[in-house]
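Trainee: Here is what each chain is made of, one letter per residue.
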Amino acid sequence: MQKYSGFGLLKHALTYHENWQRVWRNPKPKRKYDVIIVGGGGHGLATAYYLAKEHGITNVAVVEKGYLGGGNTARNTTIVRSNYLWDEAALLYEHAMKLWEGLSQDLNYNLMFSQRGVLNLGHTLQDMRDIQRRVNANRLNGIDSVALDTQGVQEIVPIMDCSANRRYPVLGASWQPRAGVARHDAVAWGFARAADAMGVDLIQQCEVTDIITEDGAAVGVETKQHGVLRGDRIGCVVAGNSGVLAKMAGFELPVESHPLQALVSEPIRPILDTVVMSNHVHGYISQSDKGDLVIGAGIDGYNGYGQRGSYPTIEHTLQAIVEMFPIFSRVRMNRQWGGIVDTCPDACPIISDTPVDNLFFNCGWGTGGFKATPGSGHVFAATLAKGKAHELAKPFSMFRFHNGALIDEHGAAGVAH
Amino acid sequence: MTQSNRLPRGGRIDRSRPLTFKFNGQTYQGFAGDSLASALLANGVDVIGRSFKYSRPRGIIAAGAEEPNAVFQLGATEATQTPNVRATQQELFDGLVSQPTSGWPNLNFDFMGLMGTILGRMLPPGFYYKTFMFPQAAWDTYEKYIRKAAGLGRSPREPDVDIYDHLNQHTDVLIVGAGPAGLAAALSAARSGARVILADEQAEMGGSLLDGGYTLDGQPAAEWLKATLDELARYDNVLLLPRSTVNGYHDHNFLTIHERRTDHIGDRAPANHSRQRLHRVRAKWVVLATGAHERPLVYGNNDLPGCMLASAVSTYINRYAVVPGNRLVLMTTNDNAYRTAFDWQDAGREVVAIVDTRQGAAGAWQEEARRRGIKVLTGHAVIEARGRKRVQGAVVSGLSPDGSQALGSDQVLVCDTLATSGGWSPAVHLSCHTGSRPIWDDEVIGFVPGKTVQKQLAAGAVAGRFGLNECLEEGASLGALAATNAGFTAEPAAVPTAECRPETRPMALFCVPHHKRNSRAPKQFVDFQTDVTAAAIELATREGFESIEHVKRYTAMGFGTDQGKLGNINGMAIAAKSLNQTISETGTTIFRPNYTPVTFGAIAGRHCNDLFDPMRYTAMHEWHVKHGAKFEDVGQWKRPWYYPKPGETMQQALNRECLATRDSVGILDASTLGKIDIQGKDAREFLGRVYTNAWAKLPVGKCRYGLMCREDGMVFDDGVTSCLGENHFLMTTTTGGAAGVLEWLELYHQTEWPELEVYMNTVTDHWATMTIAGPNARKLLSELTDDIDLDRDTFKFMDWRQGTVAGVPARVFRISFTGELSYEINVQAHYGLHVWEKLFEHGAKYDLTPYGTETMHILRAEKGFIIAGQDTDGSVHPYDLGMSWAVKEDKPFSFIGKRGMKREDCVRTDRKQLVGLKTLDPGIVLPEGAQAVDDPNQPKPMKMLGHITSSYYSANLERSIAMGLIRNGHNREGDIVYYPLENGRVVEAEICGTIFLDPKGERQNV
Amino acid sequence: MFYIYCPYCGEHREEEEFHAKGQAHLARPKDPDACSDEEWGNFLYFRPNPRGLYHELWVHAIGCRKFFNIARDTQTYEILETYRIGESPKLSQSTDQQQS
Amino acid sequence: MSDVTNTAVDSTATPGVALMDQQPDDSVPARSPLHHVAQAQTGEVSANARVSIWEEPLKTHLILRGDAAAAGFREGVQAATGLDLPEPLQSQSKGDWSLSWITPDEWLLVGPGDQAFTMESRLREQLEGHYAVVNVGGGQSIVRLSGTEARSVLMKSCPYDVHDRHFPVGKVVTTVLGKTQATLRRLGDNDWEIVVRRSFADYIWRWLLDAASEHGVHTGPLLSAVKGQASHKTDTSTV
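Protein chains in written order, with my numbering: chain A, 1 to 417; chain B, 418 to 1423; chain C, 1424 to 1523; chain D, 1524 to 1762.
No lab work stands behind these hints, which were simulated from the structure alone. Certain hints may be false.
[What the hints assert, rightly or not] Covered by chain B, per the in silico footprint, the following chain C stretches (three or more residues, Cβ under 8 Å): (1) 1463–1475; (2) 1479–1485; (3) 1500–1512.
[What the hints assert, rightly or not] Here are some, though not all, of the chain B residues that point toward chain A, as calculated from beta-carbon distances under 8 Å: (4) GLN498; (5) PRO500; (6) ARG538; (7) TYR546; (8) LYS547; (9) ARG571; (10) PHE671; (11) HIS967; (12) THR978; (13) ALA1021; (14) GLU1321; (15) GLN1348.
[Unchecked claim] Computed beta-carbon distance windows for the label pairs: (16) D:SER1736 with B:GLU1169: 42 to 50 Å; (17) B:GLY1418 with D:GLU1651: 42 to 50 Å; (18) B:GLY867 with D:PRO1580: 53 to 61 Å.
Glycine residues also receive a C-beta, built at the ideal position from the N, C-alpha and C atoms.
Build the full structure now, drawing on both the sequences and the hints.
Mentor: This is the structure we're talking about:
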């Protein structure tokens, strides 16, 4: 792998940037792999990377029907945090957070991971109880998390209207200083480049049309473009399309796919240097390095694979933003879009074996997928390598929806379902 | 300053109305009818900004929504600062103040510009991914500097002084774009009687007809335009919306139109008048007549001020009477753009040459050029512009017939304006918003709208039909079709005929080849605002970013505020060529709303400030306000939280309220509790199915507490339901849960058990409910009623009676959430305040004390009563709460929740269970949310046992009390657990029962 | 934003008046107590979640307050029919086989 | 109140249901949900006001639930009220009474403020089968909106199509208003009735005033609207 550095840039500048290597190959698929990963988003690519790096398994294909990182990786609001309520979720997301710290160096790719802190605002007394509960749980789980009062919030975000005369005044917040944002596309590209360098085949424009099973075990996938690819183990990491893949394998998942919308303003001069989220008035916002205000909207209530949602959701979100930041009223929305989020009833993911042997699913991340990317890939790689769930993944079995051991993270998931 | 580029006559400006405006600190003059851009060009302002990455001087390129450079900060005051206004779309008004949004420290010499030249070569696309990584901690520092360069304009620092509103529109036919096709469509549709909306982003309707030069049926086009608009204005079934951009096309023909109502008048809107309006339109049929954007050609240094779109030059001349230069070189791939050279010449300025990229182009247009004495170089191209802050020359070279190579030797044409046309790209944006993929058409040399499930038609240039006659005819016929489809009888309107010179075939050329490779040629800009060059796109594909989405994301092409209207097609063509694909194979990125940016305020509408969300009030609200209550938001309700007396702290007020209630009598406004009237012979059976406990034998006149669970067995609401009659019940729910519970009940009734004869209606707002609680409650009530026998043995705990209280018919429920002797008085809400005030009149001698939700919480916690949503969180079932007494397992019907709470995980013995907790130090009130551990010294992550759900100082018990969840708590009574707090302190607490006061319940039974 | 024909009101209404309530035709097991954990879990949580034709339950919450069913394409969002509780859909299979 | 008995179960008209006269005598002041803004209501009409908004005096509001197809219900309603059950989204009115369709098994009967008990008793005498009558008069109020720009105020407030062709006089629709809901009935070309829930009344009042402000707004009955209402009173045909 060609090493990236400032010096390298200078060197290439002298040759008019004509000699940069490809970031990844365009390999011809082999007929047989140790592991086939369906889905070339951030999680799938991270899985491939850690399979190669941590488990020495490099005979791996990542099969992607579109382009790498083209799903929710390309469409989220890039927030990274680990202040989840329940132990199981908090430990998983904190595992991811620790991997984020140092990931740019690990991948030799600048992911622009910026730990500028995340505020989760409270506007009612019950919000504040929930914040205290979460902050205390986070703290005892070893996660940096602080409860702030109104004054504390105002000091961090002077431009927010924290006055008592708002409809739902800001009563306080939880604050995770290590949280922040990362450049979403770079995450996919960085993992892809590093996985490719270790021999993983990244096969784009290759759509899986069936999961091939023999005697109750998965043995490969059939693809539209490259026929049958055989694999000893198959890992599906296809987010919103999980239900479609599960159907191919003959079972259902406790997952429904919903539109989740987001939007950006036109770029403006830097004015907001942290991430502000409000569950109650329902909007979240940060400012990108380009200057756009990046704003997350709510989940639409209906199932949808259209990568778009309904307009009132956008209206409600901007009403919330203008309520929190009346000074942004004259700023303009440049673009809106939608992703397909695979939501579980308890707002926690599934990292699990399935009714089909050798077939594993990593899905159901809902609104929490991006922030978990390295952690998700890391534990899923271990799960695929060993054929059984990684310790941190165990609570996230799909079978918890049979025995009732749900992990209800709706409060902390950031977007009310 | 003089308007050196203003023509002495012509244009659609009003010379009788000169306007003064400011740009970059300088004062200029323009005329009514000018855009800010045309006024600047009239004044000879060349450099209007600096580019984002390379800090190169930039000028105005276009005349409409596709302008990437002339993006300014507007606003004369702090509160009216408006970032990123496109000068080509901003009408000039008197006193307009504008600033460039880039170019620090100033436009003509800037430090960053110098750095840009030097560092420019260091900054290929994606450079930031490849560096700034070491050391790890340094990114924060790098980022600070990168962020300094970010953004265009700035946000105001003060709240907006203007208002915005919404208007919900329903129409039979919405026509987007009032150019020739749209106008013709509107005529056909309007005459049918259909409801028609015609929206256009410009101040004046007419589209290309405004740019002059056309004749229709031998008359100037302006005459037909005027007659058409006059006719349309006469119909009351037609709504004309100028200055209104259709920005988003959403599902089921829902479209949003952003109308700028006052931006052309001044800095801020007049009083009571919205600055901008969002029309939320539901259209039966939509006719897209959005036209097309001219494509510039990509060549070296094509970003120099003076490099413009050919059609924009014509627009400035014809519409605004501004010639943006003296010596023009026109480069074109098509006949149509010749018009610009003719306009230029007609304006009295010199056309140096028309450089036509086609070999041997010959036809009517070339004939006309020759007749006018204009030099035409066919088979040639401008490969590079020369100049520093303005074009000074065009380097012209021969071009191979396929457009792939620059041939032969160069000549330099001296000029100050270089207009180009690479043909026209249909404005397919709206048709793509709903997920329809556009289709590349080699004939059109552009994308046209693809298949859609929307009820949508496309007329004119957006469909790839660029001729004026085609546009008029297709508009007329599709306008009629849309009206017909919407259920009207419509005929295509007769349209006039334009005299058009026949056009010969255009050439598909996007990037003009230079003698040098693109990587070494002078920068050939594709996307000006994001500084993306042809070389950058080629580099991206070389590095393996082969999907057009990857190219876009890696280079940032199309991410500007113009969303790539000018450059995207060129960029795709360059990527396709680099990948050795057709444009069709490469495809396009997805167009998303908005077509042009929309003000946040306009999207929010009036739902802000006082109207952000309803505030719900009870009938006694005014009294609470008058008596100094602090309020708590519960759902949308404003509930009294506590009533501090002057000088009291919150805790002092709570202590006083608590003591007064337990010692004498207190009063709570409980009107916000949800109330559902249930009638029907199966009401009792229905209750038995939705509550966990038994209802079969509850006698008339009695009340009962019930728990409601979801199918998973987890508690989601609770409340008291009273039997009003054998077939009549009144259910109460939590304040926040009211609407959800009613919908839940309806869901089961309508979808699962429609055979049950029961009707449910909300009566939450109908009844005002006031709870008097305390040992003197009976005495107080007895003074206000003479027809209810309050005898303790006649009107028992959990009974209800009907009678008169303070002269008002009332239902009185002897139920208690405080554990005191307590009556809930319900009267029709119009009389609530009267009864409330009467209670105080009579209650003074008992020191009747109003208490709010906080005291209610304390008093109920003393009794161990739960609050659904506070002591439960959706993961707690009745057994976890120690409320097995409220679960009747042997009901014949398997009630909702029964099966759920029997699942494997739900019957574990070590679940988190609700217990009471007493701190060993009675003075310490544990924070709600504190987490318990068995060993406070264990390493993190600690094994947590559960959290405090409710915690208070109890003035009655003179100590703190708490409830919380503890793993296996029901079997651990007497154990000590530890709460490590945020401040480092560890609080010890003993697990106990949840009832802290009057465990036998004697106080409520007196 | 959807434009939904309410089969009770007999006219199209804006989506803002409705709430989506998940998959349609999910009958509560007749004898829940006889269900295994797996069966009960399947009833509660497991869904086909199709891309393409989908039958879903909606309620005209701000309107006539009635629940009803919609057959809708989850890819194009096109509503193919709406029908009352207790009625059967005309469409039971996707006419336009959309796959992943 | 002489007819109030001291037992919980007092209704003989409808076994199993607690019927109750909820209205005190006239000495007890009633406070409407918009009492606090009522002072602002005057009969004076400013010359340039194109919208008038006011709260009607308190009325009887009874919810009727039943099966329109059941003769015992349909005929009972007719007998008690003199009004036929309106079809979906329609209303009937006669004299001081109006009957509006609310849902397929629900109608709203509105009449003079002191008639709730009498009318509910009469209904319960006449109705047969499975039905319900619920007094909701304490929880609702009627806001009137009239004037030449009344329709544009509604266009700002409701996503529903209020165009003449789609919302003729007599039609009744429950829909979104601002961020809450209301039941709209068109009384005349420029005259609308808005049934609001008590706790939302203040919000709706402020919302409507705000929406009307650009047109000039008058808080009180308009003479023309009162006239319009009078002419509507005599209209008993299905509209």
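Trainee: Three residues or more, CB to CB closer than 8 Å: is that satisfied between the region 1500–1512 of chain C and chain B?
Mentor: holds (count 5)
Trainee: Does ALA1021 (chain B) hold up as a contact with chain A if the rule is Cβ-Cβ below 8 Å?
Mentor: With a minimum Cβ separation of about 4 Å from chain A (threshold 8 Å), the hint on ALA1021 (chain B) holds.
Trainee: Return the status of the interface hint for ARG571 (chain B): holds when the least beta-carbon distance to chain A is below 8 Å, violated otherwise.
Mentor: ARG571 (chain B) check passes; min Cβ-Cβ to chain A is 4 Å, inside 8 Å.
Trainee: Is the interface hint satisfied for GLN498 (chain B)? The criterion is a beta-carbon contact with chain A at less than 8 Å.
Mentor: holds, 7 Å
Trainee: Identify whether the interface hint at LYS547 (chain B) stands, where standing means a beta carbon of chain A within less than 8 Å of its own.
Mentor: Since chain A brings a Cβ to about 4 Å from LYS547 (chain B), closer than 8 Å, the hint holds.
Trainee: Classify the hint on PHE671 (chain B) as holds or violated, based on whether any CB of chain A lies nearer than 8 Å to its CB.
Mentor: holds, 6 Å
Trainee: Hint validation: ARG538 (chain B) versus chain A, beta carbon distance must be below 8 Å. Holds or violated?
Mentor: holds, 4 Å
Trainee: Taking the beta carbons of GLY867 (chain B) and PRO1580 (chain D), is their distance inside 53 to 61 Å?
Mentor: For GLY867 (chain B) and PRO1580 (chain D) the Cβ distance comes to about 59 Å; the hint holds.
Trainee: Should the hint that HIS967 (chain B) touches chain A count as held when the rule is a Cβ pair under 8 Å?
Mentor: holds, 6 Å
Trainee: Given PRO500 (chain B) as an interface hint, is the shortest Cβ-Cβ distance to chain A below 8 Å?
Mentor: At about 5 Å, which falls below the 8 Å cut-off, the nearest Cβ of chain A leaves the hint on PRO500 (chain B) intact, so it holds.
Trainee: Tell me if TYR546 (chain B) is really an interface residue toward chain A, meaning its C-beta lies closer than 8 Å to one of theirs.
Mentor: Holds: closest Cβ of chain A sits about 5 Å from TYR546 (chain B), inside 8 Å.
Trainee: With a Cβ-Cβ cutoff of 8 Å, does the region 1463–1475 of chain C contain at least three residues near chain B?
Mentor: holds (count 4)
Going through the hint list in order, the structure satisfies each hint without exception.
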